[in-house]
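Note that the protein sequences, when read in sequence, are chains A and B. According to full-length UniProt numbering, the first sequence is numbered sequentially starting from 1. According to full-length UniProt numbering, the second sequence is numbered sequentially starting from 1.
Hints listed in this document are in silico derivations from the structure and should not be mistaken for laboratory results. In this text, a Cβ means the ideal position worked out from N, Cα and C, and glycines have one as well. Be aware that a few hints might be false.
So, partial list: chain A residues that the calculated Cβ filter (under 7 Å) puts toward chain B [stated by the list, open to error]:
hint, residue
1, H97
2, I100
3, S101
4, V106
5, L109
6, Q133
7, E137
8, K154
Subject to a maximum C-alpha distance of 25 Å in a straight line, what follows is the list of computed SDA-like cross-link-like pairs (lysine to any residue) [claimed, not checked]:
hint, chain 1, residue 1, chain 2, residue 2
9, A, K296, A, N190
10, B, K164, A, K195
11, A, K32, B, E161
12, A, K212, B, L89
13, A, K290, A, K240
14, B, K128, A, L126
15, B, K297, A, E241
16, B, K296, A, S101
17, A, K195, A, K231
18, A, K240, A, D259
19, B, K63, B, E161
20, B, K212, A, K290
21, B, K297, A, P108
22, B, K213, B, K128
23, A, K164, B, K263
24, A, K296, A, L69
25, A, K297, A, P108
26, A, K128, B, K128
27, A, K212, B, D85
28, A, K297, B, R59
29, A, K125, B, H131
30, B, K164, A, Y110
31, A, K305, A, F127
32, A, K125, B, E129
33, B, K305, A, S65
34, B, K32, A, K240
35, B, K125, B, N33
36, A, K297, B, V106
37, B, K263, B, L10
38, A, K231, A, E286
39, B, K63, A, K128
40, A, K297, B, N107
Spelled out from the first residue to the last, the chains are:
Protein chains: 2
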Amino acid sequence: MSKILIFGHLNPDTDAITSAISFSYLQNAIGKNTEPVALGIPNDETQYALDYFKTKTLRVITKASEETLEVMLVDHNEFQQSVSDISDLTIGAVIDHHRISNFQTVNPLYYRAEPVGCTQTIILKLFKENHIQIPPEIAGLMLSGIISDTLLFKSPTCTEEDIKAAHELASIAGVNVNVYGLDLLKAGTNISDKKAEELLSMDAKSFEVDGKKVRVAQINCVDFNDVFCKKAELINAINKEISIQNYDLFLLVVTNILDSDSKILVLGNAAPIAENAFGITLHENEAILKGVVSRKKQIIPPLTKALSNK
Amino acid sequence: MSKILIFGHLNPDTDAITSAISFSYLQNAIGKNTEPVALGIPNDETQYALDYFKTKTLRVITKASEETLEVMLVDHNEFQQSVSDISDLTIGAVIDHHRISNFQTVNPLYYRAEPVGCTQTIILKLFKENHIQIPPEIAGLMLSGIISDTLLFKSPTCTEEDIKAAHELASIAGVNVNVYGLDLLKAGTNISDKKAEELLSMDAKSFEVDGKKVRVAQINCVDFNDVFCKKAELINAINKEISIQNYDLFLLVVTNILDSDSKILVLGNAAPIAENAFGITLHENEAILKGVVSRKKQIIPPLTKALSNK
Chain A
1 MSKILIFGHL NPDTDAITSA ISFSYLQNAI GKNTEPVALG IPNDETQYAL DYFKTKTLRV
61 ITKASEETLE VMLVDHNEFQ QSVSDISDLT IGAVIDHHRI SNFQTVNPLY YRAEPVGCTQ
121 TIILKLFKEN HIQIPPEIAG LMLSGIISDT LLFKSPTCTE EDIKAAHELA SIAGVNVNVY
181 GLDLLKAGTN ISDKKAEELL SMDAKSFEVD GKKVRVAQIN CVDFNDVFCK KAELINAINK
241 EISIQNYDLF LLVVTNILDS DSKILVLGNA APIAENAFGI TLHENEAILK GVVSRKKQII
301 PPLTKALSNK
Chain B
1 MSKILIFGHL NPDTDAITSA ISFSYLQNAI GKNTEPVALG IPNDETQYAL DYFKTKTLRV
61 ITKASEETLE VMLVDHNEFQ QSVSDISDLT IGAVIDHHRI SNFQTVNPLY YRAEPVGCTQ
121 TIILKLFKEN HIQIPPEIAG LMLSGIISDT LLFKSPTCTE EDIKAAHELA SIAGVNVNVY
181 GLDLLKAGTN ISDKKAEELL SMDAKSFEVD GKKVRVAQIN CVDFNDVFCK KAELINAINK
241 EISIQNYDLF LLVVTNILDS DSKILVLGNA APIAENAFGI TLHENEAILK GVVSRKKQII
301 PPLTKALSNK
């Protein structure tokens with residue numbers, strides 16, 4: 001029988017890649033035949049975690065139906081964030097912590113979503129429920145997912161459960177949460193040697209509301225100027241993406257991980273909707289969003305609401 | 001703060017009603033303020049369980065947004081099977097064992113689905129995970145849900161977990177699974193004093209595939225003739241529903257709980273699709289489906305497939 005493929009979303013972040021690894025480890029430990037794969041190459045932050053815990057980079061796929069009938073999704077459920085032929089596959093399981101949208105199956109499945117900060121916090125529960133021990137390197141990767149998604153517990157998406165899980169995993173992995181955590185996040189802010197196209201695709205998600213196509217890309221930094229010194233180049237690249245993909249709205253969210261604020265760059269015909277959504281006025285397509293760090297909790301819900309009210 | 005309302009699907013069956021009761025009990029035990037309600041009156045089988053375990057009938061609602069902001073769904077997720085104003089409400093949790101379709105949220109939520117025979121089997125796990133003791137009468141209602149959904153373990157949807165859960169719950173409730181189980185199922189087959197309209201609405205679900213509106217009603221019996229002696233009356237009532245609701249296809253599935261076979265009555269413009277779906281030829285709108293007892297596992301998947309291939 002062909003292997004069940006397990007993967008996170010397109011433009012994978014650290015949670016997407018490490019959750020595929022940890023959930024596949026768990027599934028294999030309880031007797032399934034699975035392989036973790038990725039829908040894109042790891043970003044610098046994820047690569048830092050993989051190197052630190054001596055784990056091989058995952059095989060990248062763009063289609064799955066040629067090699068398997070069944071897949072399991074981690075850290076996403078919306079079909080437009082998944083493998084291109086997702087509609088042709090049987091989805092055996094989903095482990096996620098996002099809203100549910102544009103997702104459907106023909107058959108009943110295992111679906112486990114909780115409103116926590118990171119998929120790994122849920123996967124830790126599953127390890128316990130199945131009485132499977134977590135090897136130190138897997139625990140380290142799971143910890144990395146939590147640090148990344150919660151910005152070292154600073155994101156409003158972070159829950160008590162995430163913090164507790166992170167400390168438990170750190171002790172199995174044998175690392176100091178704060179020291180390792182800041183090193184991991186900083187590894188992801190190396191922007192200087194990257195082209196605009198690359199910066200836009202590092203961690204980006206698309207969604208549709210009432211027929212409007214929206215894309216929200218996010219970049220972490222330790223200084224807004226590291227990104228905005230490339231503003232002209234970024235605007236060109238965003239406009240190119242808008243015209244190719246027909247986006248109505250493109251938000252680039254640049255998040256300062258030290259101050260926990262974001263600066264957004266907004267383009268597209270529906271840009272005024274972003275102004276309504278956040279109660280801001282764009283100046284030269286820019287605005288500061290004080291205290292905003294979470295795309296899932298602070299960007300997508302107000303955008304969705306503003307788009308639905310149109 | 002207003003109470004969180006918890007309910008199962010429209011045209012509630014025993015699992016829909018008893019799962020609202022048991023999940024609400026659990027939520028209240030862990031500190032939430034919830035009330036179990038129903039989207040319809042209990043059928044005879046459910047009423048037998050409620051009477052046996054001395055539980056009050058649930059309040060029936062048709063709208064929820066006038067009295068609460070948040071709801072939790074059990075035993076369903078598809079919006080067309082839910083309360084009429086579901087799109088205006090925050091869905092805090094879903095506990096279900098069906099496929100996922102026509103379901104979406106703006107925010108992350110708790111979603112727990114497993115491919116088991118009954119929602120109560122999942123709720124039993126949740127009681128254990130939260131270390132909450134189950135009172136005997138709640139255990140009895142949970143057991144009733146499992147017996148009803150699995151036709152006393154004869155349905156192909158029934159898993160080892162359901163059987164184990166049922167025996168565990170029977171021992172808490174202090175009843176014999178087989179004796180109580182057959183009494184419960186028989187209580188649901190009292191057809192003689194019911195009008196056709198009533199029989200069609202006892203346990204019916206609607207869904208849409210590729211723009212085609214489908215309704216599948218199911219009736220349990222101990223003899224097909226008990227139902228088919230009212231065939232003319234049933235055809236009239238089905239045709240009336242088809243014209244009012246614009247169904248493309250209406251299936252009445254009559255299931256003999258002693259023999260584990262079903263006889264279907266099929267009407268609507270898309271009736272030939274049902275013939276393709278099950279590889280049958282309808283005679284006077286009827287056909288026998290040998291060994292078919294489960295709408296979820298043996299009726300809806302082939303129908304969905306045949307409708308998608310059109």
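(request) Any hints from earlier that this structure breaks? Give me their numbers in increasing order, please. (result) 6, 7, 8, 10, 13, 15, 18, 19, 20, 22, 23, 24, 25, 28, 31, 34 and 39
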